[in-house]
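S.K.: Each chain, written out:
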Amino acid sequence: MDVPFWNKQVETLDRASLQAIQLERFREMVAWALKTPFYGKKLASVGIASPDDVKSLRDLGRIPFTVKDDLRRGFPRGLLAVEMSEVVRIHSSSGTTGIPTVIYFARDDLDRWTDLLARSITATGASARDIFQNMMTYGLFTGGLGLHYGAERVGMTVIPIGGGNTKRQIQTMKDFQTTVLHVTPSYLLHIHSQFESEGVRPGDLALTRAFIGAEPHSENTRRKIEDLLGIQAFNSYGLSELNGPGVAFECVHRKDMHVWEDAYLIEIIDPKTGQNVEDGQEGEVVLTNLIRRAMPILRYRTRDLAFLHPEPCECGRTHRRLSRILGRTDDMLIINGVNVFPSQIEEKIMKVPEVATNYLIHVDKKGALDRLTVKVEIYPKLFLGEAARLEALRTRIREELRSSIVISPNVELHEPGSLPVSEGKAKRVIDERPKD
Amino acid sequence: MAKQLTIFVENRAGRLKTITDNLRKSNIDIRAFTIQDRGDYGLLKLIVDKPNDAYLALANLGCACALKDILAISVPDQPGNFHRLTSALAEHNVNVIDAYGFVLQPHNTGVCCMEVDQPQLMKAQEIVAEAGFTVLQDEELYSL
Ligand SMILES: [Zn+2]
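Quick note, the sequences are listed as chains E and Z, same order. The numbering used here applies: residue 1 is where the first sequence begins, and numbers increase by one. The numbering used here applies: residue 1 is where the second sequence begins, and numbers increase by one.
Please keep in mind that the hints were generated in silico from the structure rather than gathered at the bench. Hints may be right or wrong, so weigh each one.
Calculated from the model, a selection of chain E residues having no Cβ within reach of chain Z, i.e. all distances over 12 Å [said to hold, decoys possible]: (1) Arg58; (2) Ala128; (3) Arg153; (4) Gly162; (5) Gly164; (6) Lys174; (7) Asp279; (8) Cys313; (9) Met332; (10) Gly337; (11) Val429; (12) Arg433.
In silico DSSO-like links for lysine-lysine, alpha-carbon gap of 27 Å or less [unchecked claim]: (13) E/Lys365 with E/Lys348; (14) Z/Lys50 with E/Lys381; (15) Z/Lys68 with Z/Lys50; (16) E/Lys381 with Z/Lys68; (17) E/Lys427 with E/Lys365; (18) Z/Lys25 with Z/Lys3; (19) E/Lys351 with E/Lys381; (20) E/Lys381 with Z/Lys25; (21) E/Lys167 with Z/Lys25; (22) Z/Lys25 with Z/Lys50; (23) Z/Lys68 with Z/Lys3; (24) E/Lys8 with E/Lys255; (25) E/Lys427 with E/Lys348; (26) E/Lys272 with E/Lys41; (27) E/Lys365 with E/Lys435; (28) E/Lys366 with E/Lys427; (29) Z/Lys17 with E/Lys381; (30) E/Lys381 with Z/Lys3.
Bear in mind that the values here come from a model prediction, so they are computed numbers and not experimental data. No residue lacks a Cβ here, since even glycine has one placed at the ideal position from N, Cα and C.
Based on the provided sequences and hints, a complete structural model is requested.
M.R.: See the structure below:
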């Protein structure tokens, strides 16, 4: 397989050279962090008053974690390391509590971030020859603008269409013969479901690749996307606290995402003890930004659960690969004492051809017990009109789910198109249990 | 062979209306119907004058629906006739999945619709004919 590189020298560095770069940048970041009120205090509390107090990468473990609430408490300028006049862009995520998380970029920060995205895009095999339809939301959300500038740097023809408006998305794919999409997996599946009614025939479109991200999804969702659209789908990972997309991206082999380790220090920790776990073991992803000076972030607890592959990738890159996000430390449902991740349920549902891609997980309380209901839609093309088959399908889904999540849910069958589709991040879980 | 249109309908208000409304718009005449209730959903089963048109009208709406061959048997209105029919099928181990009856006007013909396991369909048709009943073919049924 042809393996394209954006910066082959950096992407294939041996471990020792990579660590040397990491240490240098880590110390530089500590210096910037010390300029902020928030990290000034935090670092002093563990005896780090200057970058000289950092001798090796092992010193990372001395630094206390940063959590989302720290960023909210620091709102608006507690984590800002430069004068506001040097800030050239602000991104922000709204969050449920009302206080936004604000991220600041200086000019060089944007430049380095854009370079990571160019590197990510190139790793997938996409190039200046591609027509790139960026279907992510533009604006305060980092997903839209991040890939936009990365794609321009690669030299792709960029269509900055943004999210929503399915009709126009499909028309644009036809008109410009779009080859590459950037889109959330749930929206891409929704778009595909509209192909028929929009009169799209095989051969009308020129799609070859999709960069899918911004919401966790299963391997089966990826396969479904690839099979339905006849394209390659590349998983990507990022969050605004760490710049946005481009923290990790899949290469042409599509076997999980290379973390750009010259730009980010990645740790996987046991969420209960905070201790690092071995490569290969699942835990919470903790990231340190090595490239953003305006707003340094050290040891940020992402609440995403994943693992690092210990073995190298066939592509020759030395930067380790992160598994897809297996769950969130905060979206885990505890049902009658059993831990259940929505991703486990999705994984199973996507394997059942007789149901469509929308689903809803509903939890409520019946008496003293929690009750889990999984709602799925019948896939019209495989509907044969027989009650016995539907009941067998219901039983099969229930058994499949039980084998994965231990408890046996109610399975409800619904009409095609009746479950809510959200354009963007899909809301798949409704928990109606009384909170105490 | 007669065709039955089966439609997956969720058990919530207004669903049937959406379906009947669309059939009306497509000029479909409903000759008979029944609903098989399964709790959270039901199967609406229709005998209509133009099964293919009806199927397309609903499929284009995104409905889960299916056309299926069934037995439509003319059963004259006399005591013991229906029993004779079911006995003949039972004797030959034909499993009836669902059955419903209606009367076609203006000839006052009693019609019994029977869904049987698809592999047994041809056999069931022969058994019914041998027992002296008339199996209505689709044109006969729709144009009555
Ligand atoms: Zn690789």
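S.K.: List in ascending order the numbers of the hints, as given earlier, that are violated by the structure.
M.R.: none
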